[in-house]
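2 protein chains.
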Amino acid sequence: MDAEQLRENAHKMVDFIADYYKSIENFPVLSQVQPGYLHNLIPDSAPHHPESLQNVLDGYIDIQEKILPGVTHWQSPNYFAYYPSNSSVAGFLGEMLSAGLNIVGFSWITSPAATELEMIVLDWLAKLLKLPEDFLSSGQGGGVIQGTASEAVLVVLLAARDKALKRVGKNSLEKLVVYASDQTHSALQKACQIGGIHPQNFRVLKTDSSTNYSLSPDSLAEAISRDLTIGLIPFFLCATVGTTSSTAVDPLLALGNIAKSNGMWFHVDAAYAGSACICPEYRQYIDGVEEADSFNMNAHKWFLTNFDCSALWVKDRNTLIQSLSTNPEFLKNKASQANMVVDYKDWQIPLGRRFRSLKLWMVLRLYGLENLQGYIRNHIQLAKHFEGLVAQDLRFEVVTPRIFSLVCFRLLPPHNDEDHGNKLNHKLLDDINSTGKIFISHTVLSGKYILRFAVGAPLTEWRHVNAAWEVMQDKASALLARLSIE
Amino acid sequence: MDAEQLRENAHKMVDFIADYYKSIENFPVLSQVQPGYLHNLIPDSAPHHPESLQNVLDGYIDIQEKILPGVTHWQSPNYFAYYPSNSSVAGFLGEMLSAGLNIVGFSWITSPAATELEMIVLDWLAKLLKLPEDFLSSGQGGGVIQGTASEAVLVVLLAARDKALKRVGKNSLEKLVVYASDQTHSALQKACQIGGIHPQNFRVLKTDSSTNYSLSPDSLAEAISRDLTIGLIPFFLCATVGTTSSTAVDPLLALGNIAKSNGMWFHVDAAYAGSACICPEYRQYIDGVEEADSFNMNAHKWFLTNFDCSALWVKDRNTLIQSLSTNPEFLKNKASQANMVVDYKDWQIPLGRRFRSLKLWMVLRLYGLENLQGYIRNHIQLAKHFEGLVAQDLRFEVVTPRIFSLVCFRLLPPHNDEDHGNKLNHKLLDDINSTGKIFISHTVLSGKYILRFAVGAPLTEWRHVNAAWEVMQDKASALLARLSIE
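Protein chains in written order, with our numbering: chain P, 1482 to 1967; chain U, 1482 to 1967.
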């Protein structure tokens, strides 16, 4: 680590990255390489002698020629797949600073600023979202940055599990039951597998278009009552605000009341849509969060904070700590022993942790609430515009009502042949993505294959949305023409 | 995200970070702030209007004045605590590039280069470590980058648990037993808590100075046999090469044979010492790794790769996948469905993942095996030198034989009063660390409070080790003088 060597080469890297953003529209959005492409481009083993910095960095030949063709460009303005993963100037600078300091902030003492800044900015964000005061660090609760929403739901599931087992006896693990809708992210299923929840005790409650794929409180109440009758123990409910498939919004208040009256932990996953709730007009979608024990949103999705940064709040931090703490001698220190500080190692799965609050702090300061609201609203406007374009083309249908910045749509199957419709849309997706011009993804709702158009990349403008729709129309026309000939 | 704004500000950030490294010796190594220090320095809520970049970045006043005093400087040449967490030019550049591309590489398709480069560089590293071929990606095994060793041991514990439950029936969770020595990292205890292993079935086998705190195969064999007698099911053994307290090395071959003959999963945690095994003269310490099912080393500790980058290899990747995969519709794609590719989401806890192989690739290329070996050897020489200094001062003793770059030592208690000795060394640790000149940490071995001097920061030179020893001698003299007056 030579400071001048760092300076010289990092400046080159800055230019490389800035140039990348300038030319990002020239790349196919979805990488078009074949599996195994890199194997023949890179030697079989590490070099014995060092390569010169010149070699690897100047001109960045290897990165340009070998790596970039295999990159799917999440930051492209033509990226509309899955959900976005935002990069920004502020987020990038925060990530750089964090990598520069390269601390490992498992305990307060290992860098007090890392812990304290995290507490403060998560309080900031909680206030922007108008979360109940119980989630602030001044009381029994608090926020923590997890890597991903998967880790967030896992740690609260474990906290809830151990809290329940304390009550009902630790040999009752196989009686514990988890509830969620069939639209809930697969991360919950994975958390259940990890936490040893009996696979038969994971209640995946069916949803359909009658509730726009949101979880019906009646179906929850029924399931709980059935389980209680046969001696099982309901202990965890996960509701979603903005499901992955279609941005469905579960009714938090009604669900929360049921959870509460049954002594269950109530977790709210707003990984994607949480960001929108900093706008007063979208805050209603998390009404009822007062009933929740934990709430999660991913700042790395749609909040300009580079991956990874998943914000989790809990009302009772001690439940997390009781489930996840260890206290080995070699980590003991005065501040921790005196209980004067937060040691985030006990709020998460790993021991080590990066200084991730820096980037969220920079995002909040450099953009301010005002710009962040404008940013969200602009994407929602773009999605609304796209929804309008789809609605005007009678060959297509918008499948679920658009709420945030995702539009679910499909090409209507000729002659109402649904089986054929699924193949048709699957083919259309492949045709669209293999152009490299845009990247969209899909889902299945009530057996129907659906195309997803998720607006949210920071560089996306009106012209990109319009051009994307043209690509889709062209590919649909070509596909339908081929079909009519066949 | 404006490319020119990024360029301008990221150049400033580069200079800030390069200047930080130039002046790093001016900071107290261990932050000297009091709990809650930041609360009064930062507003209570996020700004409504954006702050100008000028404000936050030019001169970096806030970072200089508010954040840096709360940083414990892991990259300082005077940092000798815990284990090192290396930063390097190559590691930093890789981290920058990863943050710049900001992809989320959960499946192959989301950036083929991220998956394929990871497979290739982990094969490279496996070859440098002369790991058995079974760990390479060309067979049934392969490597994966986890965030931390905690996550590595968790995922293999889960794989082992589910493999065992498949054999003995899924209602037998409470019969499964885990074995490790009392020197094993607390991450294993945490993994057991998470995975629902019955707390009474976690066998913490006692070690002592007679084996230099390594796990005795006899004590393992006895424990297994006792458990089998009472109908329990031994399923997981964790051995350590380079324990956290004292770099003890468990005898892999003998332990592995016992694990194998009992059908158990055998995991080797070489989080710290694994790096040294790229040198032929230290490779012997992982002899017997042929018997292991999984092997872990942290490239982010002592291998110049910025945090986080924990390398895990398994012999049978399907066990991981069977335990950790989910397959939601919205992530399905041709390459995955056709089983043509690796989707690392099924090898880890989170779904999303950063492009971490870039930094490891850059480290291996820019330094080459040659320089990396020199780097390790230099630190070990420095530790050996420090060991010599301690041995020459009869007021101190070296407590365990130094193997790698950690020296465990203590101030001898006057009049052989061990109780007093523990307080004395605890006091000495506080006195040393509160100078801010160096940072060391401690452990307890056989009831004795021990000081740990871990060499491994990239900037540490002979002069730093000598100066550190002077600080310790001075503080010891002062402490002993105070005692003789009292």
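The reader is advised that the hints may include incorrect statements.
Identical chains share a label here; the pair holds if one copy fits it or two copies do between them.
The calculated lysine-lysine pairs, modelled on DSS-like cross-linking and capped at a C-alpha distance of 25 Å, are [stated by the list, open to error]:
hint, residue 1, residue 2
1, Lys1904, Lys1644
2, Lys1611, Lys1651
3, Lys1493, Lys1503
4, Lys1547, Lys1904
5, Lys1644, Lys1656
6, Lys1651, Lys1908
7, Lys1815, Lys1608
8, Lys1908, Lys1608
9, Lys1741, Lys1865
10, Lys1865, Lys1647
11, Lys1608, Lys1656
12, Lys1815, Lys1929
13, Lys1813, Lys1918
14, Lys1918, Lys1547
15, Lys1687, Lys1611
16, Lys1815, Lys1918
17, Lys1813, Lys1741
18, Lys1647, Lys1918
19, Lys1647, Lys1741
20, Lys1918, Lys1908
21, Lys1644, Lys1503
22, Lys1503, Lys1611
Read the hints as simulated data drawn from the structure, not as lab findings.
Here the structure is a predicted model, which means the values were calculated and not measured.
Practice task
First find the shortest C-alpha distance between lysine 1918 and lysine 1908 inside one copy, then the shortest across copies, and answer within, between, both or neither for a cut-off of 25 Å.
Solution key: Classified as within; 16 Å inside a copy, 65 Å across copies.
Problem - Within, between, both or neither, where lysine 1503 and lysine 1611 count as close if Cα-Cα is 25 Å or less - result: neither (37 Å within a copy, 43 Å between copies)
Practice task
Could you figure out if lysine 1918 and lysine 1547 sit no more than 25 Å apart (CA to CA) within one copy, between two copies, both or neither?
Solution key: within (20 Å within a copy, 45 Å between copies)
Practice task
Using 25 Å as the alpha carbon limit, work out where lysine 1644 and lysine 1503 are close: within a copy, between copies, both or neither.
Solution key: Cα proximity of lysine 1644 and lysine 1503: none, with 51 Å in one copy and 49 Å across.
Handout entry: 25 Å Cα threshold - placement of lysine 1608 relative to lysine 1908
Key = neither (45 Å within a copy, 43 Å between copies)
Exercise for the section: Could you place lysine 1611 and lysine 1651 in one of the four classes (within, between, both, neither) given a Cα distance threshold of 25 Å? Expected result: neither (37 Å within a copy, 44 Å between copies)
Handout entry: Copy assignment of lysine 1493 with lysine 1503, given that the CA separation must stay at most 25 Å
Key = Both. Shortest intra-copy (15 Å) and inter-copy (19 Å) distances satisfy the 25 Å Cα cut-off.
Practice task
Using 25 Å as the alpha carbon limit, work out where lysine 1865 and lysine 1647 are close: within a copy, between copies, both or neither.
Solution key: neither (49 Å within a copy, 49 Å between copies)
Practice task
Evaluate lysine 1687 and lysine 1611 at a C-alpha cut-off of 25 Å and name the case that applies: within, between, both or neither.
Solution key: Close neither inside one copy (31 Å) nor across copies (51 Å); limit 25 Å.
Handout entry: Intra- versus inter-subunit Cα pairing at 25 Å for lysine 1815 with lysine 1918
Key = between (57 Å within a copy, 19 Å between copies)
Practice task
If the cutoff is 25 Å on CA atoms, where do lysine 1651 and lysine 1908 land: within, between, both or neither? Let me know, please.
Solution key: Neither. Shortest intra-copy (51 Å) and inter-copy (41 Å) distances fail the 25 Å Cα cut-off.
Exercise for the section: Could you place lysine 1815 and lysine 1929 in one of the four classes (within, between, both, neither) given a Cα distance threshold of 25 Å? Expected result: Answer is between: at 18 Å across copies they meet the 25 Å cutoff, but 59 Å inside does not.
When held up to the earlier numbered hints, the structure conflicts with 1, 2, 4, 6, 7, 8, 9, 10, 11, 15, 17, 18, 21, 22 and fits the remainder.
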